[in-house]
Amino acid sequence: MADQYEDGNALAGPLREVFAVDVTTAVGRCASCGTTAPVANLRVYSRAPGWVGRCPACDEVVLRYVRGPAAAWLDVRGAVSLRFPLTPDGG
Amino acid sequence: MARAAVPGRLTNRLVWRVARLVENRAETPTARTIVFDVPGWPGHLPGQHVDVRLTAEDGYSTQRSYSIAAPADGHKVELTVQRVDDGEVSPYLADVLSIGDPVELRGPVGGWFVWRPDDPRPVLLVAGGAGIVPLMAMIRARRAAGVRVPFRLIYSVRAPEDRYYANELRQLERAADGLDVAFVYTRTAPENWSRPVGRIGVDDITAHGWPPDFEPHCFVCGPTGFVETVASILVGLGHAPGAIKTERFGPTGG
Numbered sequence: 001m002a003d004q005y006e007d008g009n010a011l012a013g014p015l016r017e018v019f020a021v022d023v024t025t026a027v028g029r030c031a032s033c034g035t036t037a038p039v040a041n042l043r044v045y046s047r048a049p050g051w052v053g054r055c056p057a058c059d060e061v062v063l064r065y066v067r068g069p070a071a072a073w074l075d076v077r078g079a080v081s082l083r084f085p086l087t088p089d090g091g
Numbered sequence: 001m002a003r004a005a006v007p008g009r010l011t012n013r014l015v016w017r018v019a020r021l022v023e024n025r026a027e028t029p030t031a032r033t034i035v036f037d038v039p040g041w042p043g044h045l046p047g048q049h050v051d052v053r054l055t056a057e058d059g060y061s062t063q064r065s066y067s068i069a070a071p072a073d074g075h076k077v078e079l080t081v082q083r084v085d086d087g088e089v090s091p092y093l094a095d096v097l098s099i100g101d102p103v104e105l106r107g108p109v110g111g112w113f114v115w116r117p118d119d120p121r122p123v124l125l126v127a128g129g130a131g132i133v134p135l136m137a138m139i140r141a142r143r144a145a146g147v148r149v150p151f152r153l154i155y156s157v158r159a160p161e162d163r164y165y166a167n168e169l170r171q172l173e174r175a176a177d178g179l180d181v182a183f184v185y186t187r188t189a190p191e192n193w194s195r196p197v198g199r200i201g202v203d204d205i206t207a208h209g210w211p212p213d214f215e216p217h218c219f220v221c222g223p224t225g226f227v228e229t230v231a232s233i234l235v236g237l238g239h240a241p242g243a244i245k246t247e248r249f250g251p252t253g254g
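If you read the sequences in order, they're chains R and U.
Under our numbering, residue 91 is the last one in the first sequence; the count climbs by one each step, no gaps.
Under our numbering, residue 254 is the last one in the second sequence; the count climbs by one each step, no gaps.
It is possible that part of the hints are untrue.
Pair ranges (Cβ atoms, derived) [as the list claims (entries may be wrong)]: (1) U:D86 / R:R77: 32 to 40 Å; (2) U:A145 / R:A57: 47 to 55 Å; (3) U:P102 / R:P88: 24 to 32 Å.
Reference listing, derived: stretches of chain R covered by chain U, where coverage requires no fewer than 3 residues with Cβ under 8 Å from a Cβ of chain U [to be verified]: (4) 4-17; (5) 20-32.
Just so you know, these hints were derived from the structure itself, not from any lab.
In this text, a Cβ means the ideal position worked out from N, Cα and C, and glycines have one as well.
I would like the entire structure built from these sequences, with the hints used as guidance.
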């Protein structure tokens, strides 16, 4: 099922609920293969209890996000780092 | 200064707002453009999207993400919705929602797949089917800003009747102010159309795109397979991967 995923752009709304900046422009490094790519380019599977973001190069899970009625869980163990573009004054 | 400010963000959390339908018009036999008035709407950039949430009387709630089809215009937010017959949300938005009816909407979201009118690079837009929607927001924003940055659009559809915004694109192209439009038909073409029907390929991109040494900013939006094909063609032709921005539709259907 080649079309069963979206990309990281689909995470923009869910993650803006918990982050003060847009996470989809952050560049992540995959803990499995070392590829760096913006979160917007993750392969996102949303037909699950939450969202699962996989590396576009090796397909390993980079992050998982589940929104429950009273809390949100974010698992980013598949990312070594996230680099957020910011200007010197914070914007 | 105690700490660096994140402009407009910490105090401007993403909230659900009540939006009311103010306009509903047909784009194709299966797609409708719907316009909402959203009090408090903070504005948006072309390419950004919104989440729309519907809640039933029993409390069951479901949400979908839609690209915004037009640049910021006060409190108006314009979407084009492809009706998915067995979908939960799109038939309601396209056929049931009446003028004045409310939905919940939040946004804008997404800072990656956006075009800024002060970006001087030439632009290549490649759309597959409903993937035209955020690209049309960029085309309309270009016109609204009155900038002369050259745009080229390659728009792949199954058949002529599947084209969104056909009249407007024709008029914009006729204005000859730097927007070129090329159609790719995958199943049925107009009469006397010289290109054989079929999926988009490298010849379409070389004929209607920009040479890589023009260093264009490329935006590709459509179904996953379409986006992957076009992105790999662009990389193969020598475009810098960092200058290619993609947005895939998944199975959001509905």
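Right, here's what the structure says about each hint:
Between D86 of chain U and R77 of chain R the Cβ separation comes to about 36 Å, which falls inside the hinted range of 32 to 40 Å. Hint check: A145 of chain U to A57 of chain R, Cβ distance near 36 Å, so the stated range 47 to 55 Å is violated. Against the hinted window of 24 to 32 Å, the Cβ-Cβ separation of P102 of chain U and P88 of chain R comes to about 42 Å, which falls outside the hint. For the stretch 4-17 of chain R, the proposed coverage by chain U is satisfied: 11 residues have a C-beta within less than 8 Å of a C-beta in that chain, meeting the threshold of three.
Evaluation of the coverage hint for the stretch 20-32 of chain R: fulfilled, as 5 residues show C-beta separations to chain U shorter than 8 Å, against a requirement of three.
Hints 2 and 3 from the list above are not met by this structure, while the remaining hints are.
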